[in-house]
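Chemist: Here are the chains, one letter per residue:
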Amino acid sequence: MERRIFLRCIGCGAVAMAAVNAKIWPDFLGGSGPAYAAGYTKALSSKEARYYKKLPEGGIECGICPRHCRVTDLERGYCGTRENHGDVYQTLVYGLPCAANIDPIEKKPLFHFYPGTSAFSLATAGCNVNCKFCQNWDISQSRPEQTDNMELAPSRVPQICIERNVPTIAYTYSEPTIFYEYMYDIAEAGHKNSIRSVMITGGYIESEPLKNLLPMLDAVKVDLKAIRPEYYKNIVNGELKPVLDAIVQIKNSGKWLELVYLIVPTLNDTEAEFKELAQWIKTNLGTDTPLHFSRFYPQYLLKNLPPTPQATLETAHSICKDAGLEYVYLGNLPGHPAESTFCPQCGKILIERRGYKIYQNLLKGNRCYNCNHIIPGLF
Amino acid sequence: MSKVAIVRFPPGENRQKVDKNDYRNMLQAGLMALAGTLNLKAAISKYLPGGVVGMKTNCLARKFNSTPLPLAEALADLLVLSGISNENIIVWERTNQELEWGGFPVSQTAPGVRYIGTDSPGIGYSNDFYSSGPVNSLVSRILTEMLTYNINLPVLKDHSVAGLSGGMKNMYGGINNPNKYHDNNCDPFVAHVSNLEPIKKKNRLTILDAVRLQYNGGPGYNSRYVTAYNGLIISDDPVAADRIGLEILEHFRKINNLPTLEKAGRPVRYLKTAEEIGLGTSSLNKIEILAFIMDNSGKAVKGDYI
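Order-wise, the sequence lines are chains B and P. When we follow my numbering, the leftmost residue of the first sequence carries the number 1, and every step to the right adds one. When we follow my numbering, the leftmost residue of the second sequence carries the number 1, and every step to the right adds one.
Quick caveat, the hints were computed from the structure, so don't treat them as lab data. Even glycine gets a Cβ: it sits at the ideal position worked out from N, Cα and C.
Chain B stretches covered by chain P per the calculated footprint, using a threshold of three residues with CB under 8 angstroms from any CB of chain P: (1) 69-83; (2) 131-143.
In silico DSSO-like links for lysine-lysine, alpha-carbon gap of 27 angstroms or less: (3) Lys254(P) with Lys302(P); (4) Lys211(B) with Lys241(B); (5) Lys233(B) with Lys272(P); (6) Lys255(B) with Lys275(B); (7) Lys54(B) with Lys63(P); (8) Lys47(B) with Lys63(P); (9) Lys303(B) with Lys201(P); (10) Lys63(P) with Lys17(P); (11) Lys211(B) with Lys47(B); (12) Lys200(P) with Lys303(B); (13) Lys200(P) with Lys132(B); (14) Lys42(B) with Lys63(P); (15) Lys321(B) with Lys282(B); (16) Lys282(B) with Lys251(B); (17) Lys53(B) with Lys263(P); (18) Lys192(B) with Lys251(B); (19) Lys263(P) with Lys54(B); (20) Lys321(B) with Lys255(B); (21) Lys3(P) with Lys201(P).
Distance windows between CB atoms, simulated: (22) Leu305(B) with Glu197(P): 21 to 27 angstroms; (23) Glu151(B) with Gln97(P): 16 to 22 angstroms; (24) Gly122(P) with Arg156(B): 29 to 35 angstroms; (25) Ala42(P) with Pro265(B): 55 to 61 angstroms.
Whenever a hint applies, use it, and build me the whole structure from the sequences.
Modeler: Okay, structure coming up:
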């Protein structure tokens, strides 16, 4: 029997350059042959979802994300992963990831969060938006019965991390908000085993579930896909304001936060937008919040656009640095100096990166080796 | 001028169990009336001149609000009579499980009529996206690669979001991402899903089962709002079929003291959208209704449709 596609050496939506399907059973799951066959399942979960309410007229209203889908019996929400069964809303993907891999933390990207470490990264099918540039659309825009899912209990994930000496779990690739219950339970099990959790998200999540989730997390990376509402409406099929609110909520929680902005040619790449972005970050988050500009490659429904010119990325970088942001990075440009971390006070290079590799880390604890300036983050 | 044939047993008659023979009589009468011929083979061949013919069912709502097996079997018998072999008939759905929910015997291999879910091994969805307006979807390979023509064979019913679930809404079951297209009462999405190239090109007939009509509380089964309409609605115009279906649905809402779908917050705007993009006719004054009542001998005589 041919082994099924499982491992996806792909990065999160905004930063990955290529998807690779490796036809190998992940050895961290153990077994092979019959064992592996037993690992995949066509069955879907029926675990009751959190954050929904029953409507007086019948049906339910989901409260996990700002979309607030109203779903009648046997129907699903926009994400395609939650279904109403007799007005009990169920998550269909609990314990059923369709992608898992051990990635460098830099691939998320999180640059100020234990650099050089790795993260056990997993995703289920589904997403609560539909970005036209999505690099992982084949899982994010699929319903769970359309992906190859394996059975992986929350309690098993930290065990894998311990066995593999992986300190962090990353919920990534698709949108973890839609597998909230699974993410929460894994993160809780992880913390009991001293394994950290990071959420790689579009930030389109309601305030209450986010508030309750944040204690289980150690860092969050948010894809702020644009700074203008029309982009969210036309390209993302979501809304900007709830995302901005979630970002501020995360920042105010004290959890480590980094942002990614994917620059898509002609759609969100004007100097005015970069200035608005920098101003919003300065005002709402502070100048020490890392911002990653990422290069777009033609994918999914935007194959008609060219890759982002390097000059555009460098313009964005300059504008945000000039505006006072201290940690501005460029992604998907391997070898570019702006992949590395520099001390904002003395200008010395502190962490030299090329792609996802770290060539040198000169931090002393969380301080610049040269001028003793404190570098924000978890090191 | 679009034509819609409606064939039904007498109104009010309790026909909770319409059998295969009943369906066969209704289908014969309706197809011949629609085609304007008394020759059944000619009538079917007008729309389905050979090849592999599919029937897209609607089985999401389990057995009470799903396409009835006797209807599919009766239709398959008529297709065979017209010269299409059993092996060239495929009854299909989104998943095998949904077919089973509807009471269909999942069978992926010949001989005989095949009953196949898109999730069957080796089938799945097209590699390439098809696009129309805001809709970008992969389409079931049953439709894109296995079928020459398709008959849309759903159940007419109320829908909690779309207002009306008829033929066009049923094609949500032929794409990979239907959950993305429920905003704004499914407008303009329903129209654009049916406008996706393989769907528009291959759908030749819409046959709406309206024997037992869920006029409110759908798409799942809700016994409080079910009536016996006892009929089939048949057309080669997918928009006109749904438009007449809407008239019937609204009629039963009205006589049961329910607000119109528009007043209930579920306006069926997608019909107008479908007309605007050239899928068919939504304007009632451009639809010719051919209505028949079945008599006790199994013959169809002209009558009213509501």
